[in-house]
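**Q** The lines below spell out each chain.
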Amino acid sequence: MNKFNVNNLNIWFGKAHALKEVRFEVEANQILTIIGPSNSGKTSFLRQLNRLNELQPSFSMTGTVLFDGKDLNSLDVELVRKKIGMVFALPLPLPLSVFDNVAYGVKMHGKKNRKEAESIVEDSLKKASLWDEVKDRLRESAFKLSGGQQQRLCIARSLAVGPDVVLFDEPCSGLDPISTAKVEESMLMLKKDYTIVLVTNNVKQAARVGDKTAFFLSGELIELDNTDKVFTAPQDKRTDEYIRGKFG
Amino acid sequence: MRKVKEFIVEKLILICGLACIFFVVLIFLFLLKEGLAVFKIVSPLQFLSGKSWYPISEPPQLGILPLILGSLFVTVGAAIISIPIGVACAIYIAEVAPKKIKEILKAGIELLAAIPSVVLGFIGMVTLVPWVKSIFHLPTGLTALSGSIMLAFMAMPTIVSIAEDALYSVPKNYKEGALALGATEWQTIWRVLLPAASSGILAAVMLGIGRVIGETMAVMMITGNAAVIPSSILQPVRTLTATIAAEMGEAVVGGEHYFALFAIGIVLFVISFAINVSADLFLHRSK
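Chains as they are written, first to last, in the working numbering: chain A, 133 to 380; chain B, 17 to 303.
The shape of chain B in the complex, shown without the other chains (with noise of 0.2 Å):
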């Protein structure tokens, strides 16, 4: 009796293992099957690199270079606004902050977390947009620039938490050894245990632009939009996420322009796998 209960759960675990790894086989297949039929009408290199986005002119056109120059703004941005912030942050929770402070910084950093996206897009939408419309006397206010700085928001709590895990599991040994050189603080935390806890925190960056360059719904609501290239972080611009969500519903199932956006999902399944195979590259070698 105990060994067929015994052999029923191990087949049950098993079965949800596979099923997990045939779900996400399924989703890359149709993303494949839906995205690959686009090539048909125009070659990658023309799909990757033409400058114009109308996928509903006749004949459309079917360059998705502004959507991609417009997630590289947005990301390359929030990135710039986020990394020296987040690790100084990290650096701050875990070497410097007495313990109060830190409980109620890590507190702080979860609840930032925790905010939905849409949330964040709404506020930066009725906040931030006319505060960079009136600083930069712009005709919009909705920029790559307020996308980047609420996408900076978004990927902090990530880069905050994972850099300071890095920073805390640097064996406390290398502290006091370089202290007992004669080091300062500073010159510990600087020389020591930021190279010691380099790995861990370059996967926390990868895994906060990660997350920057996945969001969809705060873009949508704050970069303007506009497939055009943008020449400056101060245009509206339109990602390749904010496109598929805004353009998905009123494409024809089976059409051109259907083709299209599914192509973009691939494009993006590329970037954001090969962003979290180097996260876990770089956490691999930290251990």
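The following block holds chain A by itself, in its conformation from the complex (with noise of 0.2 Å):
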């Protein structure tokens, strides 16, 4: 069954059509890749699929997503984001230690138990590929960490509190080539329990860890297939020229 339905998705700010008539499907348990220049609406759908686009007042939208078969839009907005949760493209750790960066959404949803967190924060941050860098460095400031263990710790965080999707807009822009291969390594690792959407401006990293890839250009989705058959025989003249570099 598909994770995510979107049908005839419109997305405007203001009078700004930031999505057109996009339809879109979500297969669980795989990396989706969404690649395109700037501009091009692919962040504006990332942040549909966990609802953060209704912060801005000037917000419309039509058409249905559909998050497991059910509308999300008549899902409870916290719900949502705790089962979709999401990565952001600026490592953003709270200023606390490492432990309770990890620890704070599960304190937030009401875990209190001690034992209990700790398990829940040493499994996430094995799940992420850090605990060996950091399990003696866990009362350390977060701040002390490098830029691709600060990403790495904000994957952490939101698997904490038990997402069954995890949505990365542009996880890798501000790190170099080895963070951000340990990044895309751990999110390979991922994909076995959770269903991932990655939006990135490097074509190369959609190739590299996506199963299918989709291409969007102002709005609109052009192509979404298989990752091999994106980038190998792409349907449309204009992925294969982004694809290419032509432009964008």
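Simulated from the structure, these hints should not be mistaken for laboratory data.
Model, not experiment: these values are computed from the prediction.
Simulated pairs of lysine-lysine, DSS-like, Cα-Cα distance not exceeding 25 Å:
(1) Lys239(A) <-> Lys191(B)
(2) Lys323(A) <-> Lys267(A)
(3) Lys324(A) <-> Lys259(A)
(4) Lys239(A) <-> Lys188(B)
(5) Lys215(A) <-> Lys323(A)
(6) Lys259(A) <-> Lys276(A)
(7) Lys259(A) <-> Lys239(A)
(8) Lys116(B) <-> Lys147(A)
(9) Lys202(A) <-> Lys323(A)
(10) Lys188(B) <-> Lys276(A)
(11) Lys147(A) <-> Lys188(B)
(12) Lys215(A) <-> Lys188(B)
(13) Lys276(A) <-> Lys191(B)
(14) Lys147(A) <-> Lys115(B)
(15) Lys259(A) <-> Lys336(A)
(16) Lys215(A) <-> Lys191(B)
(17) Lys56(B) <-> Lys67(B)
Take the two lone chains and join them into the complex the hints point to.
**A** Written out as structure tokens, the structure reads:
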């Protein structure tokens, strides 16, 4: 069964038509990568999946997004964001210790038990491939970690609240190649247990980690297919040109 | 020619800059010179902890403990009232209020800051004081409580505007990050925004309190000015500032009373200085 079914989705911010008639499926336990130039609507699309768009007062939409077959807008918004975690472009640790950063969401959702929290933190850090690097530094400030470690810490933090889906919004745009490789590695590990949607400006990254790849241009979904196919034999000429670096 | 002009302007600016510091130092030295003279008559400990302030009796009794306690009662009272309301107001303006209401509220806060303290004191005297008197069945409504309430109004604009700035300057990403973890609006405010803005909010509180301690006119009008050790906030008190303002006119220049008032000035100076420095520390820690 599909994790997400998106039907005829239109999004406006004020008068700007950010997404036009998008139809989309996301399968479970896969990495779906979204590529496209700036202002193509890929981030707006991603933020629709956990309903962050509606924080903007000028936002309006038509169409439906189904999550596990249920209309996303009919669900409780806090539950939606708990089930559908998000990792942002810039690592955003809170001014707390490494441990407390990960335990943060756990405590917020009412699990106060220390033991329980500790095992969740350890588990989440392991899943984010960060545990070995920070297990002796759990009490240190999260700001002392390197950029790549901070980003994986943010991944661990979203995992700790127990999501089904993790959305990545250009997670490596501020990272060096080695840190990028580590983040990609942890994404590949995660797809066993989670569904992943990755928005990226880095076409090569999309090719490296994606199972499926979608190409957005000017608010329209141009193409969505298996990553291999999109990169070797794209159906649309514009996809081909973008991938070859002719524009964007 | 241009070089000469440049030179003159540079030196002029330098002189202006130095003048500021020069005047501050002069004022401080004068305060010390006049104030420290009182310690020839009483020891600093006696001065600070003496329980009676009868500066014109013979011999004069120069103990400022009642005045310090007066200031403390009024200030703590004002802080208890103004901090929760002020911070809550800042949260509402910075995070919750729709744009229109936000602008109206901000204008209102600025208006509150623009009311001269003597006017606030006057309004307090004719409205608040009788009200306190009848509610608590007191012989007089001129009490520390009345002073606290009026001073809370004076501290509020400072607290609200600085705390609101602090909340506003918390990176928007923090808020989104917390919401994306499934936090409710209130959890986000309480657990992310407030801690992230805490040093700015503390600075706001400090500056608000600093304003309250230094305030003279309103407290002189509505706290009753009885230099006795208060046992509750429902009694008249006299603050450090009000003492100086009320008595300086009648003190003989160069007399013991005169020196004692300057020494009170030093005490006030030290308190305000400590508050401003700690506010500054908090503000810089946030950056």
